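With the hints as your guide, set chain S onto chain C.
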Amino acid sequence: MIARLMRQYGTLAATAVVCALLYVIAGVRYEYFFSWRVFFAFFSDNAFLGIAAVGMTFVILSGGIDLSVGAMIGCASIIIATLVEVAGWHPAMAVLCVLVLGTLFGASMGGLIHRFALPPFIVTLAGMFLARGVGFVVHQESISIEHQFYPAILDLPAGLARAAHLSDDAAQLVGLFVQPTAVVFLLVLAVGIYLAHMTRFGRNTYAVGGSEDSALLMGLPVGRTKVQVYALSGFCSALAGAVYTLYTFSGNPTAGTMLELDAIAAVVIGGTLLTGGVGYVAGTLLGVLIFGIIQTAINFDGSLSSWWTRIAIGFLLLIFILLQRLLQRTLGNAST
Amino acid sequence: MADQLTGQPVAHPPPTPLLEMRSVTKTFPGVAALDRVDFTLRAGEIHALMGENGAGKSTLIKVLTGIHARDGGDILLAGKPVEPHSTIQAQKLGISTVYQEINLIPELSVAENVFLGRQPMKLGAIRWRSIRRGAEAALARLDLSIDVTRPLISYSMAIQQMVAIARALDVSARILILDEPTSSLDENEVTQLFRVMRRLKDGGLGIVFITHFIDQVYDVADRITVLRNGRLVGAYETAELPRIELIAKMIGRSVSDESAAEAHRETEADSTAKQPFVQVRGLGRRGAIAPFDLDIFPGEVVGMAGLLGSGRTEAARLIFGLDRADAGTMRIGGEPAKRTSVRRAIARGFGFLPEDRGRQGLVPDLSLRENIILALQAKRGWLRTLSRARQTEIAERFIKTLNIDTTDTDKPIRLLSGGNQQKAILARWLATEPALLILDEPTRGIDVGAKAEIQRLIARLRRDGMAILFISSELEEVVQSSGRVMVLRDRVKVAELCGEDVNEGRIMHTIAEAHVA
Chain C
0 MIARLMRQYG
10 TLAATAVVCA
20 LLYVIAGVRY
30 EYFFSWRVFF
40 AFFSDNAFLG
50 IAAVGMTFVI
60 LSGGIDLSVG
70 AMIGCASIII
80 ATLVEVAGWH
90 PAMAVLCVLV
100 LGTLFGASMG
110 GLIHRFALPP
120 FIVTLAGMFL
130 ARGVGFVVHQ
140 ESISIEHQFY
150 PAILDLPAGL
160 ARAAHLSDDA
170 AQLVGLFVQP
180 TAVVFLLVLA
190 VGIYLAHMTR
200 FGRNTYAVGG
210 SEDSALLMGL
220 PVGRTKVQVY
230 ALSGFCSALA
240 GAVYTLYTFS
250 GNPTAGTMLE
260 LDAIAAVVIG
270 GTLLTGGVGY
280 VAGTLLGVLI
290 FGIIQTAINF
300 DGSLSSWWTR
310 IAIGFLLLIF
320 ILLQRLLQRT
330 LGNAST
Chain S
0 MADQLTGQPV
10 AHPPPTPLLE
20 MRSVTKTFPG
30 VAALDRVDFT
40 LRAGEIHALM
50 GENGAGKSTL
60 IKVLTGIHAR
70 DGGDILLAGK
80 PVEPHSTIQA
90 QKLGISTVYQ
100 EINLIPELSV
110 AENVFLGRQP
120 MKLGAIRWRS
130 IRRGAEAALA
140 RLDLSIDVTR
150 PLISYSMAIQ
160 QMVAIARALD
170 VSARILILDE
180 PTSSLDENEV
190 TQLFRVMRRL
200 KDGGLGIVFI
210 THFIDQVYDV
220 ADRITVLRNG
230 RLVGAYETAE
240 LPRIELIAKM
250 IGRSVSDESA
260 AEAHRETEAD
270 STAKQPFVQV
280 RGLGRRGAIA
290 PFDLDIFPGE
300 VVGMAGLLGS
310 GRTEAARLIF
320 GLDRADAGTM
330 RIGGEPAKRT
340 SVRRAIARGF
350 GFLPEDRGRQ
360 GLVPDLSLRE
370 NIILALQAKR
380 GWLRTLSRAR
390 QTEIAERFIK
400 TLNIDTTDTD
410 KPIRLLSGGN
420 QQKAILARWL
430 ATEPALLILD
440 EPTRGIDVGA
450 KAEIQRLIAR
460 LRRDGMAILF
470 ISSELEEVVQ
480 SSGRVMVLRD
490 RVKVAELCGE
500 DVNEGRIMHT
510 IAEAHVA
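Those sequence lines, one after another, are chains C and S.
Read left to right, the first sequence gives residues 0 to 335 (numbering that gives the first Met the number 0).
Read left to right, the second sequence gives residues 0 to 516 (numbering that gives the first Met the number 0).
For reference, chain C alone in the conformation it holds in the complex (with noise of 0.2 Å):
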């Protein structure tokens, strides 16, 4: 029993004791480390990370990659932006805009990828430079946010905790703990697992990372779940510039540079193959989780460059890296 689930979930079990592991480790370390706020925090600080990193998790599981998310939410951040302070635009609509067009951009990559039969890597780049070069254009500096609506969604919780008839005290402590950023995620999350595994579009992502072959010659529609995997990456990324703009209230063109790579680290840490075909969108809850108690370690030490939290990671991904292919050994050799 202990072995077929080591076998079934052995790379997310080695993420969730190493993730459990630092936890401890930096909570026996610094002082404070331990406490509810700090908790919280890694769900809301790293909430547009873990938005992206889910609809990595799915282009991953596919066979693909996705190099376009960190420009999509620097790209949909401004627009959004732009949309409110500029054009003076209802930020509801503006983000419900920007979620249309990531959509629509993932889904015309997945379209390339699969028309022609390109790597994804390259298709996905040249969205980066897209992205990015988009951003640029549509206005060079960060813009602030000033509207009404943003604070007021921040006051949301507590307002709902005011609502149910809890104590000013208890409100005020929902208020602080309860970031609509950490929400979204989660929500996001729940969202991303249940398709992974409920639905016939997650199965369906699965066989054609495990192998696109097999997957035609069973009949599944894999250049439809190739173009749904990316307008899903799309969505997802966008709505992670969205969150970006409520976590900073506002937009930046140079926002989420390098987070594409952030985002995939967090999913191969989370035990996910790079190959496809193998994962868990749990897992990259794990991977943004432990990339979240790097950084909060080294802020509390102080001492520390947070560039080691770089280091770290790096470290980490290697050792996932190799873990992985050890497992995928030891499954091989059990067929034989």
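Everything labelled a hint here was simulated from the structure, so no lab data went into it.
All of these numbers come straight from a predicted model, not from anything done at the bench.
Check the hints yourself; a few may be wrong.
Partner residues aside, some chain S positions facing chain C, computed with beta carbon under 7 Å [said to hold, decoys possible]: (1) H84; (2) I87; (3) Q90; (4) G116; (5) A124.
Computed beta-carbon distance windows for the label pairs [claimed, not checked]: (6) C:A91 x S:P28: 57 to 65 Å; (7) C:L260 x S:K121: 36 to 44 Å; (8) C:H89 x S:D146: 52 to 60 Å.
The beta carbon of each residue, even a glycine, is placed where N, CA and C say it ideally should be.
Structure of chain S alone, referenced to chain C:
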């Protein structure tokens, strides 16, 4: 098996056959892959589709499953004309195929593989429990009870094959095509598969069984359709077709053909006195060829005969060192040869003309000259480059001696005809002045004139003292060129014929002899 007596009229004249393909024609640029082929499949029969390489078996299946569009003819399913344009459409019509390389998703669970793309849903969510139950039920019909939640890859090839069959049957169950399903299975697994096939047949399914294992055909098939060179040779009741007749039909000779070898007998006697250039003892590789012995003497042509898939190429690859043997030894010129590799083989004077010259032999965009000097240059090492003048000289010499038809030495080789390409690759090895030349199907796909020339060349090389291992599906060629013939069946060396025994009839009989159980 013999429920109908030979010679009597068919006991139960079939009503409408399950599947009828009439005069199906498919032409690829320059080749008629199928030429007015008829094929009939009844409900409740296992029908073997037999033929050598290029016979048109796979093209026929691809036309039936919608992968290729046919150029002519009709396909009738239960009397109604159908036009499958894709595998999915064929599946919807009830025609499913299970391929040799199993087309499922290895990392996903067995249960999911059975239901991928058609999962039962409830309120927008997959009902995993009914998938598990359904998969268990589908496998139970094949007498298989396994943990369906484990990934497919954790099971043996045989079970994976069963899962593929279970899926095919569950998707649609009228015609099941099994394309070489037994090539990666061991004996027990084959028995298990046959039991399932018989059961499905009794349930009214029509099964098309493609294989090159003769014994298996006689084990399980009710009828046999033989194709050869894209044409229908005939359809027969298995019980009424002796093995020897089947083999004769597949290779296109008649059993009475006794055309004996000529021309080369004079050297045969003294060759046995000398030391063999290559002495193979118990050389074998699991799953490729059972351990075999073979001596090849200088100045001798040894033929290798056997049907497609009998292990001819595999044996040649072991001798050349392309694949590593897991048993046996080899002595070259009396010296023990340990750990063979292609580089060493070439250094020892081996040459190998591969079966598939397009993929394994030619460098299509290099010139004729460059293709010819390739092996010689590799043998010399890249530090000792052949001068351009010397290259041209060598190329021109071989163009003359082999009669290669080209305008100049710098023509890209892909612009030459098949026969001339083959001669160029032969020239490549001859330039290295090999002591042993392995020729795997050297005359396939080239015209009659070029064939005769290559055969004359083989005879000349033999007279010059070269040892030659000659592999061909065409028995006539083998018999004409070889002094001794090694006969293979189902990846085992079954006989070595020499002298008077080297004739087509004897070889066919040797191939046809059933296994002594």
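Status of the hints after comparison with the structure:
Given hint, H84 of chain S at the interface with chain C, is violated; its Cβ is 13 Å from that chain's nearest Cβ, farther than 7 Å. With its C-beta approaching chain C no nearer than about 4 Å, I87 of chain S sits inside the 7 Å limit, and its interface hint holds. The criterion of a C-beta within 7 Å of any C-beta in chain C is met by Q90 of chain S, whose closest approach is roughly 6 Å, and the hint holds. Hint status for G116 of chain S: holds, given a least beta-carbon distance of 5 Å to chain C, under 7 Å.
Checking A124 of chain S against chain C by beta carbon gives a least distance of about 4 Å; that is within 7 Å, so the hint holds. Taken as a hint, the range 57 to 65 Å holds for the pair A91 of chain C and P28 of chain S, whose Cβ atoms sit roughly 60 Å apart. One distance hint, 36 to 44 Å for the beta-carbon pair L260 of chain C and K121 of chain S, holds here, with the actual separation near 40 Å. At about 55 Å, the beta-carbon gap between H89 of chain C and D146 of chain S stays in the expected band of 52 to 60 Å.
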